[in-house]
Amino acid sequence: MPALPLDEAGQYVAAAYLVFVVLLIVYVAIMAVRIGHISREVESLADLAERRERERQAVGQAQAADSVGGDEKRSSDEATA
Amino acid sequence: MSNSLRNISLLTAVLLGLGFGLVFFYAPLDADQGFIQKIFYLHVPLAIIALAGFIIGGAHAVRHLRTGDPIHDARSYVSIHMSVIFGVAVLLTGAIWAKASWGIWWEWREPTLVSFLIVFLLYSTYYPLRYAIEDRQQQARYASVFAITAGAFVPLNFIAVRAAESFIHPRTFATANGGLPPKMQLVFWVCLIAIGLLWYTLVRFELETKRTRGQLNRLRRALDDGPGPPRSGPRIAPGATTR
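Chains A and B, in that order, give the protein sequences.
Residue numbering for the first sequence follows numbering that gives the first Met the number 0, beginning at 0 and increasing consecutively.
Residue numbering for the second sequence follows numbering that gives the first Met the number 0, beginning at 0 and increasing consecutively.
It should be emphasised that the hints constitute simulated quantities derived from the structure, not laboratory data.
Just so you know, not all the hints are guaranteed correct.
Partial chain B-side listing against chain A, Cβ under 10 Å, derived [what the hints assert, rightly or not]:
1) Leu17
2) Phe19
3) Phe23
4) Phe24
5) Ile35
6) Leu41
7) Ser100
8) Gln136
9) Leu197
10) Phe204
11) Leu206
As a list, the in silico SDA-like pairs of lysine to any residue whose alpha-carbon atoms are at most 20 Å apart [claimed, not checked]:
12) B/Lys98 with B/Phe34
13) B/Lys209 with A/Val32
14) B/Lys98 with A/Asp6
15) B/Lys209 with A/Arg33
16) B/Lys209 with A/Asp6
17) B/Lys209 with A/Ile29
18) B/Lys209 with A/Arg39
19) B/Lys182 with B/Ser8
20) B/Lys209 with A/Glu40
21) B/Lys209 with A/Leu44
22) B/Lys209 with A/Ser38
Each residue gets a CB set at the ideal place from its N, CA and C atoms; glycine is no exception.
Produce the entire structure from the sequences given, and follow the hints as far as they go.
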């Protein structure tokens, strides 16, 4: 086949390079969605970690209060005796 | 994103821009095909890198079977995955070039086209094979065996095509008529390196995403254990920071 005229050949060349660019953009878009999911997952894990930390602190404070209360009761019992 | 990945991404973007710039502003017009030959600088590097990627996937699979390390299975999977995507680009750009050059989208009598399609379809069966197996270790082992077998098939297929008589598709790097002129060769090598770097960068991105996802899952499991008393020493995902 003889070489196509430039205007017609240009359309095919543009189509081929466009296919490549579109595939690349689709891939990058998919990656962006996946990174978005990961980002949201990180946020939810950070919230969960903070909640766990607060719960742990609350448990620790409650235990400390129990032990202080127990000591005071023990010393008042001894004084009474 | 690590610094090396950022640098390699920038280098890829620069090289791709340079390569495509050279294609349109430096490479001479082909005496036979004219402007349509510009597709060559995209189509052929994509095909070479896709086929090389399949072989790299096989090489990682060998390492996986030898060491049992799941990272090699992940690398093998991602290499094959990326090469399949590149394979789609090869088939589409090839069909466009065929239509412009030969007046047809596809030629079943041409060994180069059909052999690439066979390789592409072979690797397309990798996904159902892999995900049909539930046990993760067995899945990785079977996928590795497939990757090695199919990876060995790629160069054999290439040699067979070179030995076969060409119908209409020209032989790349054929030296019978003097091969590519130096200016075209330079542009071709820049494009080949750029596309190769693109493949490598995307593989690294994919692996990085998989690694991060794995770390997050481990973190989630560790946090889901419940509050409990504070523990000493590393508790969450001991291997999360490796590799």
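Hint-by-hint comparison with the structure:
Interface restraint check for B/Leu17: the shortest CB-CB distance to chain A comes to about 15 Å, outside 10 Å, so the restraint is violated. About 7 Å separates the beta-carbon of B/Phe19 from the nearest beta-carbon of chain A, less than 10 Å, and the hint is met. At a threshold of 10 Å, the smallest CB-CB gap from B/Phe23 to chain A is about 9 Å, leaving the interface hint in force. Annotation: interface hint on B/Phe24 violated; nearest CB of chain A at approximately 14 Å, more than 10 Å.
Residue-level restraint check for B/Ile35 holds (minimum Cβ-Cβ distance to chain A is 4 Å; threshold 10 Å). At its closest, the beta carbon of B/Leu41 sits 6 Å from a beta carbon of chain A; the interface hint therefore holds under the 10 Å criterion. For the restraint placing B/Ser100 at the interface with chain A, the shortest Cβ-Cβ distance is roughly 6 Å, inside the 10 Å limit, so the hint holds. This hint is violated: B/Gln136 has a C-beta 25 Å from the nearest C-beta of chain A, more than the 10 Å allowed.
Proximity of B/Leu197 to chain A holds as hinted, the smallest CB-CB distance being about 8 Å (cut-off 10 Å). Here the hint on B/Phe204 is kept, as its CB sits about 6 Å from the closest CB of chain A, short of 10 Å. Given the 10 Å rule on beta carbons, the hint for B/Leu206 is violated: about 12 Å separates it from the nearest Cβ of chain A. Restraint check for B/Lys98 and B/Phe34: the C-alpha separation of about 14 Å stays at or below 20 Å, so the hint holds.
This hinted pair checks out: B/Lys209 and A/Val32 have alpha carbons roughly 14 Å apart, not beyond 20 Å. Taken as a hint, the B/Lys98 and A/Asp6 pair is honoured in the structure, with Cα atoms around 15 Å apart against an allowance of 20 Å. Of the supplied pair hints, the one linking B/Lys209 and A/Arg33 holds, its CA atoms being roughly 10 Å apart against a limit of 20 Å. At most 20 Å may separate the alpha-carbon atoms for a hinted pair to count; B/Lys209 and A/Asp6 exceed this at roughly 45 Å.
Simply put, B/Lys209 and A/Ile29 have alpha-carbon atoms about 14 Å apart, close enough for the 20 Å limit, and the pair holds. Among the hinted pairs, B/Lys209 with A/Arg39 is consistent with the structure: their alpha-carbon atoms are about 16 Å apart, no more than 20 Å. Distance check on the hinted pair: B/Lys182 and B/Ser8 sit about 26 Å apart at the alpha-carbon level, beyond 20 Å; violated. About 14 Å separates the Cα atoms of B/Lys209 and A/Glu40, which keeps this hinted pair within 20 Å; it holds.
Between B/Lys209 and A/Leu44 the CA atoms are separated by roughly 17 Å; this keeps the pair inside 20 Å, and the hint holds. Restraint check for B/Lys209 and A/Ser38: satisfied, since their Cα atoms lie roughly 13 Å apart, inside the 20 Å limit.
Taken one by one, the earlier hints fail for this structure at numbers 1, 4, 8, 11, 16 and 19, listed in ascending order.
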